[in-house]
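K.L.:
The lines below spell out each chain.
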Amino acid sequence: MTEITKKIVSEHGLSESEYDEVLKILGRVPNINELGIFSVMWSEHCSYKSSKKWLKTLPTEAPWVICGPGENAGVVDIGDGQAAIFKMESHNHPSYIEPYQGAATGVGGIMRDVFTMGARPIANLNALRFGSPDHPKTRHLVSGVVSGVGGYGNCMGIPTVGGETNFHSSYDGNILVNAMTVGLADANNIFYSAAAGIGNPVVYVGSKTGRDGIHGATMASAEFDDDTDEKRPTVQVGDPFTEKLLLEACLELMSTDAIVAIQDMGAAGLTSSSFEMADKGGVGIQLDLDNVPMREEGMTPYEIMLSESQERMLMILKPGREAEAQAIFEKWELDFAVIGKVTDTGRMVLTMGGDVVADLPVGPLADSAPEYDRPWVKTECPAPIKAADVSAPADLNKALLKIMGSSDIASRKWIWEQYDHMVMGDTIQRPGGDAAVVRIHGTDKALAVTTDCTPRYCYAHPETGGAQAVAETWRNLTATGALPLAITDCMNFGNPERPEIMGQFVGCIEGMRDACIALDYPVVSGNVSLYNETNGTGIFPTPAIGGIGLLNKSHHMATVAFKAADEVILLVGETSGDMGQSIYLKEIEGREEGAPPTVDLETEKQNGDFVREAIHAGQITACHDLSDGGLLVAVAEMALAGKVGATLDLESNLPLHATCFAEDQARYIVTATSESANKMLENASSANVPLKIIGTTGHNELNIGSELSISIEDIREVYSNWLPDLMTVPGN
Amino acid sequence: MKAAVIVFPGSNCDRDMKVAIEQSMGHSPDMVWHGDTSLPDTDLIAIPGGFSYGDYLRCGAIAGNSPIMREVVKKAQSGTPVLAVCNGFQVATETGMLSGALLRNANQKFICKDVNLQVVADNDRFVGEFDAGQIVRFPVAHHDGNFYADDETLARLEGEGLVAFKYADETGVVSDDTNLNGSRNNIAGIYNEAGNILGLMPHPERLISEQLGGTDGKTFFDNLINSLS
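Those sequence lines, one after another, are chains A and B. Heads up, the first sequence is in the numbering used here, so the first residue is 1 and it goes up one at a time. Heads up, the second sequence is in the numbering used here, so the first residue is 1001 and it goes up one at a time.
Chain B on its own, in the form it takes in the complex (with noise of 0.2 Å):
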């Protein structure tokens, strides 16, 4: 089992996949940077947090466009799996890889906190140790993560079981008071067509001990890795 983060100049959730990886998979993942234009033979990319390139004008838009993320396109199409954090997911919707788009947060603030997330759709590879309505904490902390699809779009995604997580209570509950930052239909998470990449604003990264504060996030990454090994 491979595993490769990409790293952009603004990226700083790097060190925290990294870490996340290797507990799961014992050994360290190739950190590949921005202006490479080839990727390390790999069976799981990761697009990690940050800011990646300052994202002053709309978050992940010129990362989009950086020489590594057409190689990582390219993979993508061909099935490799691929994990999209927070900016990662704002950069892999840039890309047209997933659909949507991240905007700012309806409160127009950052959100840095836990949050419960109803897991939606089964899907082995990235869900496979939860149950389809389970709840699991994951932290955020982003200022643009609203997100946003039109009626069709959104449509099709709830239709055929696209939708990853969703922002809900601890008891599950789904509900405008659970929307922390004003996604359509609570939207935390989506797949692409073909369920092999995971686009989600919350880290699970981030809660991977219990001295981190809960362990949901080793899960993830446990079952990641293995439904990949």
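With the rest of the complex left out, here is chain A (with noise of 0.2 Å):
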């Protein structure tokens, strides 16, 4: 067996403190099979070794939360005995190396993290970060990551139904596909992974292992095999049918009592889920490799443990209910093994041809794996830039065409177009909306789900950004009426080794506590990637926050979209007129600068009730939320949604521009007649939200007095070409 040398231990990229660790714990020098699973196990993606620290910060709890972080996904009550279970995670190196397979197994892995728990996904959304639109790969990666999250979600037949998408230069080297999924449960039958039952079978289902995805693809291929798989690539490849089987066969066994535990083999494959298992269940586990189905002849223990092979869980089931399993697995022409069995050793002893390749102490390793303070430096708030110190655009008009077909406003419906987002009948409110809605099937209740980063925020101030990612999510589920229940997060962030990055995190983490407080509104699941770094450079702190909320009533949903003529046009929230960081700056001026908008977390409360309330008393007839872009923008998109125009008075004492164009945070407009909007101004009043009519919605054209005439289709066309535009390959 392969000799375990100062080079080998560093390529598995565990530091000389770790491995004295490694060795204390052992009591012996590990062998090769030991040392990959102890690097994998310690790896910052499964140890969270920089972040675990900050993320036991967050809020997880709540009377209708059912399971926060820690199992494969979060879950949360949503009455009537069903349970909503989310999670979004990053998929972010691989889709950089191959864009298709890469998305694809992203949205096949945090699937299987869904259903492991015993829930039918119902939605899936995506938070997808670009290079500048003119670098050159952008419009590879674009199409291919694209492709593959369409590739995997509609053969699974699970709807893609939200998401958003940023193109920033920061992400020229690092882009970040980060998927979510959505399921629906029975309360009373969620599944969890803790392993238990002495001499209970483990059991093994789904795809062959592989020597795909297989660790240590970094480390010199020599110690195992001289040169074969040398060039395998790192990268799994995804086979959305074999996951549709495994969902269905999943399903149809966890209607029966027959599993104990069960957790898919994501990241770090078979060690991590059955480490995880046993840890979680406080017992030993023995496998005996040679009955892992295999696809190839000669793996080594080596790379059964570490392959990243996909599509595959690993059960535990009770005794006697082998044959019952097996023939429904059989059913789903999936494979089906019976690998080991739970011990009380608290050991994981692996055996293959006979012979112990490995015999690791579980708690211990779980125990001790590694937890860091690293240094890290707060980043400054930079000075505000007051409306003042912004000049006028020359010409309104040209400043609102510009910004309607910037890449940050522009339609994403070349994206999700692609993506089949109403399978399963139950889309209420398709993509395109402030935040998509899907009916709970059968029921006239519905969910509202979204996600939310402003990663420019994130980057100029970190805990402000932090609050805004959250608290964007929240008023994005309440413009649609819903109740916001909880989020996941998925954390893109560059080298936590360097202490400004590092200090980026922390802060992002302390804006999203604090909104998390504010707002009632707790994490139940998230994931977290580092190192998204190119030659020194990071990425902008990106902590991509997914939210659900919950309508009792799925007729109160909102839309977006104005819905008639005469209708008055009403703005809720206060205008600071502040500039910093806006779309307006970035794209007018071509500064990128000044401190985000304040995010006020009370006032952000108060305005989001208000509306709330409104909409279900059915005083609102269209919705939507102020985020990138401010008022103009906002109002465009109605009058874009709904083919119809507007006209408004936005006498103030800021400067029109300021108006218009200002990101300030907790306002919404929304539309009603003018008998629900006097009702509307007299309870807003009493409840101290400010609220006031700035126009009326008619004809083909948005107008502000003398200062703005355009027509919505001019709007349009701008809006709807800019990422058709981008993508179409030129001299085509």
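To be clear, the hints were calculated from the coordinates, so they are not data collected in a lab. These numbers were taken from a predicted model, which means no experiment stands behind them. Every residue, glycine too, gets a C-beta built ideally from N, C-alpha and C. Mixed in with the good hints there might be a few duds.
Claimed, not checked - Only pairs whose alpha carbons sit at most 25 Å apart, straight line, appear in this in silico SDA-like list of lysine to any residue:
1. A:Lys445 <-> B:Gln1211
2. A:Lys605 <-> A:Ala565
3. B:Lys1109 <-> A:Lys445
4. A:Lys331 <-> B:Ile1062
5. B:Lys1109 <-> A:Trp722
6. A:Lys398 <-> A:Pro133
7. A:Lys643 <-> B:Ile1062
8. A:Lys445 <-> B:Glu1210
Claimed, not checked - Derived Cβ-Cβ restraints for the label pairs, each shown as a range:
9. A:Asp725 <-> B:Ala1132: 32 to 42 Å
10. A:Lys643 <-> B:Asp1124: 32 to 42 Å
11. B:Glu1170 <-> A:His555: 25 to 35 Å
12. B:Ile1135 <-> A:Glu500: 27 to 37 Å
13. B:Lys1002 <-> A:Asp520: 48 to 58 Å
Combine both chains into one complex, guided by the hints.
P.N.:
In structure tokens form, the structure reads like this:
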């Protein structure tokens, strides 16, 4: 067997002190299989060693939370004995190397996390960040990622209903592909991963294990098998059809009571799944690797344990239930193999060909996983940029057109038309609004779902950006009429060993924590992706937030589209006119500067609760939250969606361009009949919510006095064409 | 009135089809597993959308040879009405129940959106509630919906009134601009010669209530169920 040298240890990413800890735990030198297992279990990805200290500070509890972070996904109660199970996860690095398969397997992985817990996935979302639109790789990456996301979700028959996409040069060398799945389960039939029952069979189901995605692609292959595997891609290949079979087979078995525990094999494959199950259950596991279904001959224990082949699950069954389970998996033409048993030794013992190839104590390996308090420095908030410091545009019409056709604002239809967003027949709010809404099948309830983050705010001031990301999801859910319940977070950052990057992480977490507490909106699941960095330049800090909310009566749902002419347009919330980090500043003045808009969480909650109540009371005919681009962009989007124009009166102390484009938070545009508008004004005044009439719907253009007059179709042209034009191959 | 929905392991619009039929028929259709070798007594067979056996090679090619499809073909030949939607249409062309083939979309991309369709041929059983020339709106969701038939077949389909739907705009204009996937003659759906089999790429089962965005699909199923009851 391979001799363990310093070189091999360092190639496995273990530091000297971590390796010393390995020696202490084992009381001997590990063999190569054991070293490989330590290496992945203590990797940043599996151990959260840089982030754990800070993740622990996030609020994770509420009366409606059934299961918070730590399991495969988070679980919240949605009433009537039902639960929503959801999580968002990153697949950044593989998607940059091989965009189609990287994105596809990211989607496959997050769906497994959700159906492992007993839920049928009912909605997929994604949060994508690409480099600058004119970067030579951007088109290739957008095209591949979008096809990959669609290719997997479309085949599975789970609607991809929402998400967000940004373009910025900070992602030129590191794109972000974050995938989220929301599933539906019976609240009293949720499956967890803690192994239990000494002697119970450990069962492997799904695809066969191959040599794909094996950890240590960077490790010199010579130690294993000369050079044959050297060029094997490290990116896994997705097989959505097999995952569809796995989904149906698992749910069928879950409708019996044969399963004790179940865990999907994701990152670090069989190693991570078996250790986590044993550790959570406080038991040992013995595995006979000869029984693992293998795709090719001659696989070593190291390869079997570290393979990241997709579409696999590990389960502990009740004794004597193997035949029943096997029949279900055979019906779905999937592999089924008893590969071991639960033991009382507290050790993970692996055998192959009659030899013990690894023998490790489960508890100490998990408990001694490193946890670092990495040095960090705070990012100071830049000075705000006041309205008076930003000059008015020469022509408001041209400024609006420029912004509506800009990379941050333009329509994402080119992307979501490649996703089947209607399959399952419950999508009652399609992509393109504030949040997507899917009905709970066979009921009048619905879930609103969204993902949001404004990375330029997070970069300028992490605390504000972290709070804003959480608040924006909350606002987007509220704008549909839903009551926000909980979030999942996908924390994408650069190298945490650099104090300024660690400071971004800490700052974002602090802002998120404040927002979660203030909005009564806990974190129930999440994922951390660090080292998103190329040549010492990190990405913008990007804590992507996925939020879900509940509509008890789906017919209460609001949408962004203007519904009819001669309705009153109202603005909820105050406008300071600060222009720092605004799209206007970026697009019209070419400046990415200043403080992001202030996030006042108390106001956020007060204004949002007011809007939601008005939606439920039937007073609102359309509702849109204000975010990127500000008020005029929101009005334009509502006009485009409804094919109805608007005439605005924006008299105030502020310059008109600040009123139009400042990105103050906690604001909404709503429409109402004049009767309902009066009622709302009364209610707002007693609730102390700033609400004022800013215009009327009608005609086919947007008008503001003599300052703005532009047809909706002119706006639609720039808004709709930007992304298709970008993606059109020159010469075709 | 009884209906049966064929379920392949990779079908994913089987539930949507069941819901749509149930809504119009008042009770559930039979769900028939792909490995079964016989069909229940039924007045309508629906082959739903999805990715029958993964469809990594040619959509519907393996499903076309499945045990249950041999039975479906026999029943269809003896006159049982068959509704083949999306992947079902692909499977039906693979068995030869319907003419032509469905190729990859001309733009090489999956397309999911509502489309306007011109109702072309009169076929009371399937589109009795609609008039020839009328525009209906159903969604599409496919990667391989580009209908192809050779010139002779195409002429026969057009000449014998076997073209069911064409991709159009909201005013009924059928043109290259409204041809979303490259289909010959903008064809979105066709009948067999006997008129008892309808294959179409769009999904009528997806627009069966105002809440879902439209009711043309409900009208379609109401008519179909009524005409067979």
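K.L.:
For each hint, tell me whether it holds in the structure or not.
P.N.:
Evaluated hints:
no.: 1; hint: A:Lys445 <-> B:Gln1211; verdict: holds, 13 Å
no.: 2; hint: A:Lys605 <-> A:Ala565; verdict: violated, 30 Å
no.: 3; hint: B:Lys1109 <-> A:Lys445; verdict: violated, 33 Å
no.: 4; hint: A:Lys331 <-> B:Ile1062; verdict: holds, 17 Å
no.: 5; hint: B:Lys1109 <-> A:Trp722; verdict: holds, 18 Å
no.: 6; hint: A:Lys398 <-> A:Pro133; verdict: holds, 21 Å
no.: 7; hint: A:Lys643 <-> B:Ile1062; verdict: violated, 45 Å
no.: 8; hint: A:Lys445 <-> B:Glu1210; verdict: holds, 16 Å
no.: 9; hint: A:Asp725 <-> B:Ala1132: 32 to 42 Å; verdict: holds, 38 Å
no.: 10; hint: A:Lys643 <-> B:Asp1124: 32 to 42 Å; verdict: holds, 36 Å
no.: 11; hint: B:Glu1170 <-> A:His555: 25 to 35 Å; verdict: holds, 27 Å
no.: 12; hint: B:Ile1135 <-> A:Glu500: 27 to 37 Å; verdict: violated, 59 Å
no.: 13; hint: B:Lys1002 <-> A:Asp520: 48 to 58 Å; verdict: holds, 51 Å
The structure fails hints 2, 3, 7, 12 (numbered hints given earlier, in ascending order).
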